[in-house]
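J.: Chain by chain, the residues run as shown.
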Amino acid sequence: MNNLFQFTDLIAILPQIILITGALLILFCQIVLPRGRVDAAVFISGVSAILALAISLFGLESSVLESIFGGAASSIKYPGFLDEITRLTKIYAFSGHTFWNPFASIYSFAILCCLTFVILMAPKILKELDLNLSEAYQMMLYVGAGLLFFISANDLMTIFISLELSSLPLFVLAAWDRKSKSSNEAGIKYFLLGVFSAAFFLLGTAFLYGATGTMNLLDISALVNENSKMTSETISMVIGGILLIMVGIGFKVAVFPFHAWVPDVYEGSITIVTALMGSLVKIGAVAVFFKIMLLVAKPFAQYLMPAVVIFSVLSMFYGNYTALLQENIKRMFAFSSIAHAGYMASMFYIPDTSKEGYMIHPETSAALFFYVFGYALTTVLVFGTIAYLEKDKPVTFESLKGLSKTNPISAFLLALSALSFAGIPPMIGFFGKFYILRVLLKSDQVFLALMVTINSLIGIYYYARVLFYTYWDFDKEEGTLKTKAFRSAGSWASGIILSLAVLILGFLSDPIFRQALSASYSFR
Amino acid sequence: MNGAEIPVSYVIVLTLLLFSIGMLGVLTRKNIIVIFMSVEIMLNSVNLLFVAFSRFWNDLSGEMAVFFVMAIAAAEAAIGLALVISLHRKFHTVDITEIKELKN
Amino acid sequence: MNEILLIAAIWLPFLGFLANGLLSLKKEPASQKLVSIFGVGSVLISFLIFIFLTFAENTAIVSQSGFSAMFFTWINVGTLSADFAYKLDGLSVFMAWIVTGIGMLIHIYSTGYMEEEKPHFARFFAYLNLFIFAMLHLVLGDSLPLLFLGWEGVGLCSYLLIGFDYDKDFAAVAGKKAFITNRIGDAGFIIGMFLLFQLTGSLKYDEIYGFFGANSVDASTLNIIALCLFVGAMGKSAQIPLYVWLPDAMAGPTPVSALIHAATMVTAGVFMIARLAPVFLGAPEASTVIAFVGGFTALLSALIALTQTDIKKVLAYSTVSQLGYMFMAMGVGAYGAGMFHLMTHAFFKALLFLGSGAVILALHHEQDMRRMGGLYKHVKLLAILFWVAAVAISGIPGLSGFFSKDMILEMAYTFANGGKILFLLGFMTAILTSFYIFRLIFLTFHTSGDAVKKMEEGGSHGHGHDEHGHHSHHSGLVPLGWNIMGPLVVLGVLSVFGGYVGLPHIITHKTPGIVGYFDQVLSVAPSKAAESWHQHIEGSTAWLLMLASIGVAFLGLFTAWFFYQKQNKVPAEDSVKRSFFVHLSFNKFFVDEIYEKILLNPLKKIADLSYKIIDVKIIDASIDYLGKITLLIGSYMRRLQTGVTPNYALYIVSGTVVIAFIVFGGLN
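Protein chains in written order, with the working numbering: chain A, 1 to 524; chain B, 1 to 104; chain C, 1 to 668.
Don't read these hints as lab results, they were simulated from the structure. Misleading hints may appear alongside valid ones.
Claimed, not checked - Below are the PhoX-like pairs computed for lysine-lysine, each with C-alpha atoms no more than 25 Å apart in a straight line: (1) K179/A to K103/B; (2) K181/A to K30/B; (3) K30/B to K393/A; (4) K484/A to K405/A; (5) K100/B to K127/A.
Just so you know, these numbers come straight off a predicted model, no measurement behind them.
Please construct the entire structure, taking both the sequences and the accompanying hints into account.
T.: Okay, here's the thing in structure tokens:
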């Protein structure tokens, strides 16, 4: 151990390094540049997000392009160290504290996609709100880097630190609009509940550590899977630890009993920050939840399964039922995000009872990834659209009337994302639900499949309301929202790409699904 | 009595007691600063547990964790206090039950 | 490289569609030059690529597996996989030439024909390009899902183009009629497709052919599949009883009638039968049904065509009738003859339609033949081209139609199951064909009447379905530009010489070229597979049959000349009472009315009843209560969201405690 770490260790966290470097550069510009700091910050954050995105692509086991276009793409030679990355599809870096494998890279890819779109959309909105400070972009990059560490962490302490690294900037971003009461309220609520649930998470890690004597997830996984080394005390400590960790991450995913912050914080924050919270955090939290369940919870599946079913079913029902009566659009989508968390939670740890010994169905991870990816893209699209719609007042259903006349593009995008959320083909949301239902049925979970179906039906009601209000011809009235859709080039670009993705990605679901499937074997 | 080791289960019970005290503080107190202090109690109770387990397993990573937790608690405090100040400017109160504009 | 060219050739029209579609969204009409360049250019390049590929990949194309190109995976579920993969083999290259070649000519023609339609010019070309794109998928796809995609795509374009003047009621209604009638056919087609999948386990042609090559399948299974598929063909290719949409489809602009409703789309059913030759050749009973449906369709629509007065309606029924011939050929197993007639028909019918379009255009959108006549003096070239097409379709020797029609009639005559009856149907149709087409010619171009004079007198009478209403009546004919006459001349040349690829057996003493070609390129050599269906006839009988059909062609010509030129008869006005048979024919045998009485009205009654009782009283009411209960639950649930942070923390704590109890309860 002459060296601190190896060069490959740095490659394993290259996207994170790029994001942090970008954030530090922004900090540097704030000191050096007298004027134009914000523009520099926008530029730097955009470039570093896109760069990190490109890097994360190389980690995929066989590149996505390759599976779409067949052999032609595989003949491309990547220069130098990038080629190194593609070879190192499964490495554990920093003495096993983080890893770089297809699982990490596919989720990183999803997170960085959403981060890029949010950064592209943000400047104009923040400028119009007179909140366009370069720190905002710095915070966004920290959130992204924190979540990337979160996903690739292989160590309980690293998971906790990266959880905080992603949460703390978000607390600040939630309260970004200092002049508004609701933004301040959102910030303090998110903060208090966030640190409260983080304390539960920390207690859980302490129990896991106490039961096994190590913080390394893979080591813990190896220990708990060995029956001979487990006593009844350690078993209850591990289960208690997992439960407490579930509380901490369940708070981030927003499953039922831990969901309460979601509507208030989503509504109170400025909308582009809501887009960030609704997409990035969801992806990261879902990935880590799944990772921990997969690695640590396997021997206790039969005990933990009721908990997962409760999370899942109650979230679906609660989210859908409360969303029915909302008047504020943001709040409605916030409740619907709780329902979606329920759909995702159905994939968290559902053993395949059609097989012996509580095996997990291999397609679970892929279905979960496809669902959360589609959900996150749609979320960025819908909150981005709303962000450009609202002017001083929040958007309510009442104010959506006649929108298709005054602002056809926003109306179309709202309708598109509502349809996708509702799971109407051929939108991406349909394929997500399709894969989830397929896994549930393949592993004989008829009850959950039924619950997902019933809840999708309830969901259609309030999603259809969006369409109804935007496209209804209320006595040929002109709409009240006269703002123009997407008032900057960046937001146009991301709006177009996102809506195309929502429309088309479902048809390309097969290569993505296969990619996610191969990622699910990362831990073998 | 001297020389007899305190079993780790005693520390677990103490930790859980401290943790519950902190939890009850969060649930019952109204002042945001006090609530935040309760959260700190929760974190520090976990620190105690980490030290105990570290001793139990003769493994340093538990004690290392304590330092990280302390650093994070400090970062939380910095951000939390800033938020409280900003909040006080708008609401003129630090009573958490008064701050409920966002609700159904 | 050539794979990429093939994909490019198929997707270029789509780019044209996108470009023109975007241009049509602009508020001001887009530059017509630009639209024409995109519209014509994309199809032209695609045609050139097909010519190139035909020569460059010659050996691959005529081989059994053909030349294929994979674009991307579309669906991959279980054993069902469908790719955007294309197969350029002997059959599809034949169709690709017709689709892009004639398509290109009609695109050029349209630049002239649609010139006045300034606000809709770009939209029109966008639809046309989309049609070519869909049609190329139909013919070039390497699997049934892709064929079906194209099948529905051309249906969509047909609907859009029939209802092109969507602000006119009759056009919108005709579009709907076409769409709905086709849906009935599609249902059959889908069922057939599923049955075929169940049987062979694949929807890829190569695998289907492989399956039929390796296994012998019970004819009764194949009969059902073939009949289901044929129901699809009935809809798309306008056969009894689903032909009723095609005559109404003439509401669309004339180039559309030429391209979609004569030359290409309506022949999709014929193409599909050739594509799935192993299925149909293994199903003799179903094939007999197809042949007879074709024969009766040919006769019935020829009878209707006799008395129609709208120039486009005559041609529409003529198309249905000629499609009947093609199905007759496919039914008796004469695939070469059927495809041969498909090609010659594409030439002369496109020419007839485009020519009639030119007449309509020249006469300021007059379509009624009673208001025409004597046009020969004014548009000599057009009249000559019309004569060429008429001679071709009527079966006068030397021109294309003679060879293909004669081949079909001979094959029908030798067919073992009721071939004589089939021949009789075809033979009677041939007399009628010759009569109605020359009736059209005499009424339009000759007779002593003068269309120009009639137009100037009765300008207010224009009821033509292609009428656009927004231009005043000038005196004199509208001049026809090069972009209108050019394609006509090319089609005229093709109509004359197109038949020489299939010189009859009795002249050359060899298998006709085109029959040999299809024997080589189709997976089951059709003429060998269907050999047992036919009886042998003497050479002298063949000569006799040929002479007879030549005779009736001239008979039709003479009768038409006698009535309409010599006696100078003009068909009576609509209100005049006609004799019984003429009345039947003029009113299209009341098929539409019968359908309405026996199908539509009962269905409407049932729908009405089920709406009033089942829907309103039962379903709606229960849904209403369900909705009310749901909202009630929601209103209770939302009270959890108090806005007070410690409450939220309490949820977290109590949730944790409850779940811990459940989990640890299970543990002990």
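J.: Give a verdict on every hint.
T.: Status of the hints after comparison with the structure:
1. K179/A to K103/B: holds (20 Å)
2. K181/A to K30/B: Distance ~19 Å between K181/A and K30/B Cα, so the pair holds.
3. K30/B to K393/A: Outside the cut-off at roughly 30 Å; violated.
4. K484/A to K405/A: Holds. K484/A to K405/A sits at ~12 Å (cutoff 25 Å).
5. K100/B to K127/A: Since the Cα atoms of K100/B and K127/A sit roughly 28 Å apart, the hinted pair is violated (cutoff 25 Å).
Checked against the numbered hints listed earlier, the structure breaks hints 3 and 5; every other hint is satisfied.
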